[in-house]
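Enquirer: Letter by letter, the chains look like this.
2 protein chains.
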Amino acid sequence: MTDILFLGTGAGIPSRSRSLPCVAVRCGSEIVLFDCGEGAQRQMMASPMSFMKISGIFITHFHGDHLLGLPGLLQTMGMSGRKKEVVIGGPKGITESVKHLLAACERTYTEKDPTDPTKELEFPLRVIEMDRDTVKFEGYKVESFRTEHGVTSIGFKLTESDRPGKFDKEKAIALGLTEGKEFSLIQEGKTVRGISPGQILGPGEPGRSVVYSGDTGPCEELAKATKGAHVLIHESTYAEGETELARNYMHSTCIDAAKIASEAGVKALLLTHMSNRYDDIDMLRREAIQVFENTILAHDMDMFQLTKSGIRLI
Amino acid sequence: MTDILFLGTGAGIPSRSRSLPCVAVRCGSEIVLFDCGEGAQRQMMASPMSFMKISGIFITHFHGDHLLGLPGLLQTMGMSGRKKEVVIGGPKGITESVKHLLAACERTYTEKDPTDPTKELEFPLRVIEMDRDTVKFEGYKVESFRTEHGVTSIGFKLTESDRPGKFDKEKAIALGLTEGKEFSLIQEGKTVRGISPGQILGPGEPGRSVVYSGDTGPCEELAKATKGAHVLIHESTYAEGETELARNYMHSTCIDAAKIASEAGVKALLLTHMSNRYDDIDMLRREAIQVFENTILAHDMDMFQLTKSGIRLI
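Going down the list, the protein sequences come from chains A and B. What the first sequence shows, in my numbering, is residues 1 to 314, in sequence order. What the second sequence shows, in my numbering, is residues 315 to 628, in sequence order.
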């Protein structure tokens, strides 16, 4: 897991400067999207990430602003030659929702199956209804947890696989192993002629995690999932002064987000999904850093690189 | 009818410089949209036209690139306080298509009717299935005609009401009419105490028309509808050298568009919906002007004012 790219940081209604919710995370050569607001495909075209590398799109809930970029993006991937499966994850109801979005459109050059419009795409879609579940990919996984937004909603935790420790070649030779296949087996964690990987590999590094809140009020499952994560991407619809509004609409303030980041001990907090009611939007960041210092307020097209100590804008 | 604004001039897949099909036409204080590709709402936010003034949205066919901006725009209008009815016109199937788009989303704060998701908006939607039909508004009307795109598809002709002739105040007084209500009645076309409007008003001006092709190959009904129109907005997916491709995919070349403009005797031809296969996109215009001189190739956010002799970029 290397980069986090904000394709849309607005809330509900887009503005000239903020598109609707969508965050891309690069995992090796693949890309995972969290939410897919209208305009996501065009934002990607203006970014350094290619929409053809998307392996999974994870939707937190069915409010239109988090969802309506999905059919256009899928159709564009199909027209651009995508053949490999794409995973769509979302809360219970995602299958019906995706079917509705695709059934609204007519496709000319693909076989039609009146019972399943997802089959009209040029590549297989694997739509997965999630609650507290895990979807595994090569080298990383996406777990879901329940959030509290007044509708069926979930958040996601993306975790890369643990990294193996450094291979000590000298030690391997000293222990009598031969370069080539035997070295590979040790690196894959297998014991060779009584010699265990622990005798040759240095200490492994646990895979890093990024947690994405989606839309939610303060929420126990999210707090729990965030413990030990590297980065928390949290909605920050309101400023502290509008906590009551946040509670009524089951959203979070910047302070709610900062408290979760602080309690979980993440290395960095990225605020997104800001209401466009604020002239001075940086106020949300200034309030949050009083509670959690390493807070960054995301702007559209901001790209962050994960570092050992946190993240940095690139 | 005053201004034509191009919100999206791309075809199929958006690009950094071209959003998906959407053209706005200002009619008095109202705005009519033709097609509503993904991103239309955000393009409007960056334009001089307000999305809150939209009275009607007319969809030519159900390919996703012409349609998928609709649900987000409607939801934004609702969240922004729209209470007045909005008309959605489109070919047979538009009711089902709009229902699918809205059913894909969950709305929190509105009453739900499981049989009709269009009722979940904060304002009434009037969805009209059109073939060869007319939808009347105050001061203008939208007529539909069949086009040829290999799917159910229509084009539209927007015509403003005839303008009344100039009121000759001196003549009205000389004939014994009194200023105020009697003058108004004459201006509304009514006879007052035996004096007919024709005795006082100068010659009226016929209302101007704008024709929008949508996606289509060369097509008789479109040619017929365009006769006598002021402006033709025509798709121009391909250059002349790719006429065969245009025929296969039931699209038009720039030359097809120019021929219709020339035969119909319009004052100006606006090319839109250009494939992003061309590095030198202005080539389409250069080819077209060989057939019809007053051809303009539209770019995103271009706004044109209708003038007596044609149009001008403002």
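Derived by calculation from the structure, the hints in this document are not laboratory data. Some clues are possibly wrong.
Said to hold, decoys possible - Listed next, with one range per pair, are the computed distances between beta-carbon atoms:
#1 Met615/B <-> Thr307/A: 48 to 54 Å
#2 Met615/B <-> Lys84/A: 31 to 37 Å
#3 Leu499/B <-> Met283/A: 58 to 64 Å
#4 Gly198/A <-> Asn590/B: 51 to 57 Å
#5 Ser29/A <-> Asn562/B: 41 to 47 Å
#6 Ser364/B <-> Leu313/A: 31 to 37 Å
#7 Leu313/A <-> Lys433/B: 41 to 47 Å
#8 Glu535/B <-> Leu313/A: 39 to 45 Å
What the hints assert, rightly or not - Residues on chain B that point at chain A, a partial pick, calculated with CB under 10 Å:
#9 Phe376
#10 His377
#11 Glu410
#12 Lys413
#13 Met617
#14 Gln619
Ideal Cβ placement from N, Cα and C applies to all residues, glycine included.
Enquirer: Which numbered hints does this structure break?
Expert: Violated hints (numbers, rising): 1, 5, 8, 13, 14; every other hint is consistent with the structure.
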